[in-house]
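Engineer: In order, the protein sequence lines correspond to chains A and B.
Going by the numbering used here, the letters in the first sequence line up with residues 1 to 250, in that order.
Going by the numbering used here, the letters in the second sequence line up with residues 1001 to 1193, in that order.
Some clues are possibly wrong.
[As the list claims (entries may be wrong)] Which stretches of chain B does chain A cover? Using the computed rule of at least three CB atoms under 8 Å from a CB of chain A, they are:
1) 1011-1024
2) 1063-1070
3) 1077-1091
4) 1110-1119
5) 1169-1181
Rather than coming from a laboratory, the hints here were simulated on the basis of the structure.
For each residue, glycine too, the CB sits at the ideal point set by N, CA and C.
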Amino acid sequence: MDKQEIHKLAERYLTGDLDAKEKQTVDDLLETDNAFGQVFSRYLIANQEAKELARAKWKEELMTHFKKEEQPTSSVESKKGRLFYLRRLAAVAAVFLLVFGAFWLWNKSHSPNLFADATSEVYQARIDKLDKRSEESQFKFLFDNKDFKQAQLFAKKQFTIADEMDKMLWQERQGFCLWQLKRWEEALVVFKDLEKNDILLAKKNPALWYQAITYLGMEDKEQCKQVLERILASPEHNYMVKAKDLRKQL
Amino acid sequence: MKDNDIELIQEIRKGYLHRRRAETKLFQQYQYFVQQAVNKYALDESELESAYCDAFMALVEQILDGRFRGESSTKTYLYRIFNNKCLDAVRKNARDKRSIHDTAWIEDWTHLSSRAISALKTLINQEMIEEVKQAFKKLGEKCAMLLTNWGRGYSAKEIADMLGYKNAHTIRTTKSRCMDKLLEDDKLREQLK
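Chain A on its own, in the form it takes in the complex (with noise of 0.2 Å):
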């Protein structure tokens, strides 16, 4: 036996698609036969350095979270001082913030004009907050509250910074936020590049469909046909049935 279909048979047996009396013949092999011992072992090790080596790279991409979230560090020492620290860090913010509502109050009852300056403010402050929180949660806070404006403007800031991958989630949402502000043409831009960029997704890549229903938007129907043909054209496309529905209604 060769070392190529030595690497085929390893390759089919830590798949699992061997069946019994092949997988006894590889157990004899092992014990037997030494230069068939040899190559299998090589052949694990190097699917188990491929497993490491892609763990060691999982990992320090997941370990970023940590260091976004920005959390003081501590040590053993220090542990048992840390439960006082946060009891009194609470008790300075729950002040705080007896302080600032009754402020916000006392300036809701006595210049009403101001009345939106203030809720502005006390919105600013949360926006504030969160900026400590992850860029996740900002945007969702921003969405949520339907300040597409802001959500739009955090998410087109965070396409600027982050890394290759998450760019196009960034990308993505900034063109959610322009398509619910009716900004048709700027969306439209965006999810045209979303497309351009996001090629490694293939059939997966929603971008057309986006684009379709901004064409909707518009009310360009003969736009929107168009790009629903080149999904309805790509076999297996991820949007298939979405596209076929909306082809028909139109």
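Based on these hints, arrange chain B on the given structure of chain A.
Structural biologist: Structure of chain B alone, referenced to chain A:
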């Protein structure tokens, strides 16, 4: 299992971009375990963060290969793995020496029979592992990227989409070629002749 759990698991299994989003969500959802464990274990925060990452990766791997059957919630399951990882880290700190079971990872390859595992444990030695590690460093960028994506548990189809290959079949052929290249060994070739 909660609806939220089911949704996240489905997203992870869908792969690639869906998987990435769901992973980020799941990771951040239980990140507070680290803070909770600060007073529980004699580990510093970076060690706890590392344990949480290891536990999280184990959970995702088990979701992908079907070992996580959803009999408990993701929270309970992750918490259990995280606790075990913390205990491992504490033990490792207590006796800071290399484990004698250096080849214990072989048992993680679930399809290998017990006979194969025991034979491979005898065959594999540190020198052989080092040789392959060195060979990995010499591997071209394309092959290294393909093999590490494979190692991360992405399917051939997903890798094809990600790296711009024609289809899953091309990925399988290229992977096989990369492995042959990686394990090119003149001494061994002589032996086999």
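Engineer: Against each hint, give a clear statement of whether it holds in the structure.
Structural biologist: Now the hints, each set against the structure:
1. Only residues whose beta carbon comes within less than 8 Å of a beta carbon in chain A count, and the region 1011-1024 of chain B has 5; three or more means the coverage holds.
2. Evaluation of the coverage hint for the region 1063-1070 of chain B: breached, as 0 residues show C-beta separations to chain A shorter than 8 Å, against a requirement of three.
3. With 0 residues carrying a beta carbon less than 8 Å from a beta carbon of chain A, the region 1077-1091 of chain B misses the three-residue requirement, and the given coverage is violated.
4. With 7 residues having a Cβ less than 8 Å from any Cβ of chain A, the region 1110-1119 of chain B passes the three-residue criterion, so the hint holds.
5. With a threshold of 8 Å between beta carbons, the proposed coverage of the region 1169-1181 of chain B by chain A holds, since 3 of its residues qualify and at least three are required.
Hint compliance for this structure: hints 2 and 3 are broken, all remaining hints hold.
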